[in-house]
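**Q** This is what each chain is made of:
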Amino acid sequence: MNALDISRWQFGITTVYHFILVPLTIGLAPMVAVMQTVWTVTGNEQWYRATKFFGKLFLINFALGVATGIVQEFQFGMNWSEYSRFVGDVFGAPLALEGLVAFFLESTFLGLWIFGWARLPKKVHLACIWLVAIGVNASAYFIIAANSWMQHPVGARFNPETKRAELVDFWAVMTNNTTLAAFPHTLAGSFLTAGTFVAAIGIWWMVRNSRRAKRTADVELASTLRTDARTLYRPVTRFALWVIVVSGVALAITGDVQGKLMFEQQPMKMASAESLCHTETGAAFSVLTIGTHNNCDSITRVIELPNLTSFLATNTFDATLPGVAEMQQFYNETVGPGDYRPNLFVTYWAFRAMIGWAGGSALLALAGLWFTRKGRVPESKWLGRLAIAAIPTPFLANSSGWVFTEMGRQPWMVVPNPTGDPNIHLTVQQGVSNNSSATVLVSLITFTLVYGALAVIWFSLIRRYAVEGPLAHDAHPPTDDSARDGDGDGADDDASEKLSFAY
Amino acid sequence: MSLPEIWFVVVAVLFAGYFLLEGFDFGVGMLMPFVGRRRGETAQEGDVRRRVLINTIGPVWDGNEVWVITGAGAMFAAFPGWYATMFSGLYLPLLLILVGLIARVVAIEWRGKIDDPRWRRWCDVGIGLGSWLPAFLWGVAFANLMRGLPINADHQFVGGIGDLVHPYALLGGVATTILFVTHGAVFLSLKTADEMRVASMTVARRLAVPTAVVVLAFGLWNQAEHGTRVTAIALAVAAVAAVVTAIATTARREVLAFVATSLTIAAVAVIIFGTLWGALIPSTIDPAFDLTIAGATSSHYTLTVISWASIVTVPVVVGYQAWTYWVFRQRISTRDIPSSIGLSMRAPSDAAAENRS
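Same order as they appear, the protein sequences are chains A and B.
Numbering that gives the first Met the number 0 puts the first residue of the first sequence at 0, with every later residue one more than the last.
Numbering that gives the first Met the number 0 puts the first residue of the second sequence at 0, with every later residue one more than the last.
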C-alpha cells in the first residue's frame with residue numbers, strides 16, 4: 000500500500016470511530032437537558048434520577064468523543080497537507096469558528112454542569128446543560144458546512160496565482176444548499192440514535208423491574224420496583240420513543256431532499272448508489288443486484304421497482320438519469336483522463352445498509368409505543384431483548400450513511416461543482432501529504448490500536464453503568480442549603496463541606 | 000500592522016493562552032506521582048491526594064485544551080500554508096502528542112467510574128502520559144520551527160525524524176516541561192489547602208532555580224542564533240519573572256508566584272513567536288524556500304471574515320471561562336473529597352442485586 004491508501008484508511012477509521020460517539024453526544028445532550036428541565040419545572044424527583052442516570056452515560060461517551068475529535072483537527076495538516084494548502088482559505092474558517100463558537104462553549108459549560116450541582120443556582124445549572132446542547136449541535140453545523148463545501152464547493156474562486164481556492168462569499172459557504180440538507184439529516188440521525196439508546200434502556204429496565212416485582216416475595220421491594228417502572232422508566236421511554244418518531248420522519252424528508260440535491264450536484268455518486276451503469280430514462284430503483292459490483296459489466300439486477308429512482312431524483316417518473324459509464328466519459332472529456340468512478344460495491348451497499356439499519360429504530364418505536372399504550376407497563380421478555388438488539392442499529396445506519404457519502408465522492412476530495420468555478424476540484428492523489436508510507440503506517444497502527452482498546456473500555460463502561468441503573472446516591476437532588484453553602488464565601492472555611500462531585 | 004501580521008499575533012495569543020492554561024494542567028498531571036504521594040501513607044490516603052490534584056483542574060481542563068484546537072483551527076484558517084507544513088513536517092511529535100492527549104482525556108473522565116485500585120493505576124498512567132508527552136513535545140515541536148525545517152521550494156517537509164531530534168530542540172522540550180511542572184506546582188499551592196498546599200509550594204521552591212536555569216539557557220541559545228530585539232526584551236522579562244518566582248516561592252507568596260510563572264510562560268511564548276516572526280518556518284535547505292507570513296497567509300477576505308468572528312466571540316469566551324474559574328475558586332483539601340462513587344469492576348450477580356434492593 001502507498002501513503003495515499005494508508006492515509007485514506009486512516010482518515011476513514013478515525014472518522015468512523017469519532018462518529019460512533021458523536022451522534023449519541025449530539026442527541027443525548029438535548030435529551031438530558033429536557034429531562035433536567037422537567038425536573039426543574041415540576042419538581043418530580045424521578046426526572047432528576049433520569050437526568051443523573053443518562054447524564055452519566057452521556058459523560059462516559061463525551062470523553063471518548065472529545066478524545067477522538069482532537070485527532071481530526073490535526074489530521075488535515077498531517078496527512079492531507081496539499082489539500083489543506085488548496086482549500087485552507089475556505090475550509091479553515093468554519094473550523095476556526097467551530098472552535099471559537101462551539102468547542103469553547105460545550106467544554107466550559109460541561110465542566111460547570113458536572114461540578115456545579117451544589118454550587119450553582121438551580122436555573123443557572125440548568126442553563127449550563129442547555130448551552131452544552133447548543134454547543135454540540137453548533138459544532139455539527141460548522142463541520143458539516145466544511146464537509147459540504149468539499150461535496151459542493153460554493154462561494155469560492157480559483158486564484159491562478161496562488162493556485163488555490165479562495166473564499167469570496169462566506170455567507171454562501173454557510174448557506175450552501177448541501178449544508179442545509181446535510182445538517183438536519185445528520186441531526187435527525189443523531190436524535191434517532193439518542194432516542195433509540197434512551198428508549199431501549201428504558202424498556203429494558205421497565206421489563207426487568209416488572210419481572211423482578213413478580214418474582215420477589217418482599218412486598219415493599221415489589222412496590223418500589225413497580226413504582227419506578229411506572230413513574231420513572233415509562234415516562235422517560237415514552238419521551239424517547241417520540242423522539243425516535245419525530246427524528247425518523249425528519250430523516251426521511253431530509254434524506255429525500257439530500258438525494259435530489261445529489262442527483263443534481265454529484266450524479267456519479269447517485270448513479271453508483273443505484274448501480275445505474277448506463278444512462279436511463281425512467282430509471283428503476285434497484286432493490287437487489289448481484290455480481291462483483293465494482294464492475295458495471297458483471298452486475299445482474301435481480302429485483303427492481305420501475306421508475307422509482309427517477310422519481311426520487313426529480314419527482315417525475317420518466318426523468319433521464321446519467322449512468323456511471325456516461326459520467327466517466329463526461330469527466331474524461333472535461334477534466335482529463337482518469338478513473339472517476341467510486342467503489343460501486345461500497346456505495347451500493349452502504350446506501351442500502353443506511354436505510355435498512357434505520358429500520359431497527361422504527362421497529363423499536365412501533366413496538367415500544369404499542370406496548371406502553373394507555374399507561375401499560377410491559378413485562379414481555381422478548382420486548383426487552385428487542386430493545387437491546389435495537390441499540391446498535393442507528394449507530395450502524397449513521398456509519399453506513401457517512402461511508403456512502405464520503406466514499407461516493409471518490410476519487411475527489413473537492414468534487415467539481417457542475418455550476419461553480421470549474422477549476423475548483425481536487426482528487427485524493429493531489430491532496431495527500433508528501434509522507435513516507437512507513438510514517439503514515441505507524442500512525443494508522445497507533446490510532447487503530449489505541450482507539451480499539453478505548454472502544455472496548457467505552458463499551459464496557461456504558462454497559463456496566465446501564466446495567467447498574469440509577470445509583471442510590473443520586474436518588475435526591477442536593478438541597479438548596481448546600482447550594483447556598485457552596486456559593487457563599489468561597490474561602491477555606493467551608494472545607495468541611497464535601498464536594499458534590501469529584502473525579 | 001497588516002491583517003496577516005495581526006493574525007500572526009492572534010495565533011500566537013491562542014498558543015500562549017494554551018501554554019498558560021494547559022501549562023498548569025500538564026504540571027498537575029506530571030506532579031501526580033510526587034505531590035500525589037507521601038511516604039508512609041496508606042493506598043487510600045494516596046488516592047485521596049491524587050484526587051485532590053485532579054480536582055483542582057477538574058472543571059476547567061477541558062476548556063483549557065480547546066485553546067490548542069482553536070489555535071490549530073485559526074492557523075488553518077489564517078495561514079493554511081503554515082498549518083500544512085508544520086503539521087505534516089512535525090508528524091511524529093504531533094502523533095505522540097495526540098496519543099498523550101487522548102489518553103489524558105479518557106483517563107481523567109473515566110478514573111472515578113470504577114472503584115478498583117488497578118483501574119485507577121492505569122488511569123494515573125494515562126494522565127501521566129498525557130501530561131509528560133505534550134509538555135515535552137510541544138517544546139520540541141516549536142524549537143524545531145524556530146530553528147527551521149528541511150523544506151523544499153513547495154514548502155514540503157523532505158527530512159526524516161532525525162532532523163527533528165537535536166540538542167537545541169531537546170533543550171526546548173526540557174524547558175517547557177520543567178516550566179510547566181513549576182507552573183503546576185504553584186497553581187496547586189493556590190488551589191489546595193492544608194498540608195497539600197505546603198507540599199506543593201515546597202516542590203515549586205525546589206524547582207524554581209533549575210527552571211530559571213533551563214529556561215534562560217534555552218532563551219540565550221535561541222537569542223544567540225535567531226534573536227531579535229523583541230526576543231531580547233522577552234528574555235529579559237522571563238529572567239526577571241524567573242527570579243521573582245524563586246523569591247515568591249521561598250516567601251510562600253502564592254499569588255505572586257503564580258503571576259510570575261504565568262509571566263515566564265507568556266515571555267517564552269513571545270520568544271517562540273518573536274523568533275518565528277521573521278520567517279514562519281525557515282528552510283534549512285535554502286533561505287529562498289523560507290515559509291513567510293506573506294507566502295502562507297489566507298486571502299484578505301478570509302482574514303476579514305475570521306477577524307469579525309473573533310472580535311465578537313473571543314471576549315465572550317474569555318468572559319465565561321473567567322467566570323468558571325471564579326465559580327470554582329475555593330481551595331480543595333483532602334477533607335473535601337467525597338468517598339469514591341465508582342462501581343465495582345464487574346456487576347454483582349443477579350441474586351445479589353435482588354437482595355440489595
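Treat the hints as calculated values from the structure; they're not laboratory data.
Each hint should be verified, as a subset may be incorrect.
[Said to hold, decoys possible] Pulled a few chain B residues facing chain A out of the computed Cβ check, cut under 10 angstroms:
hint: 1; residue: Ser87
hint: 2; residue: Leu91
hint: 3; residue: Ser297
No residue lacks a Cβ here, since even glycine has one placed at the ideal position from N, Cα and C.
**Q** Would you mind marking each hint as holding or not holding in the structure?
**A** Each hint tested on the structure:
Given hint, Ser87 of chain B at the interface with chain A, holds; its Cβ is 4 angstroms from that chain's nearest Cβ, closer than 10 angstroms. For Leu91 of chain B, the suggested interface contact is upheld, since its CB lies about 7 angstroms from the closest CB of chain A, less than 10 angstroms. Contact between Ser297 of chain B and chain A, as hinted, is supported at the beta carbon level, the nearest pair being about 5 angstroms apart and thus within 10 angstroms.
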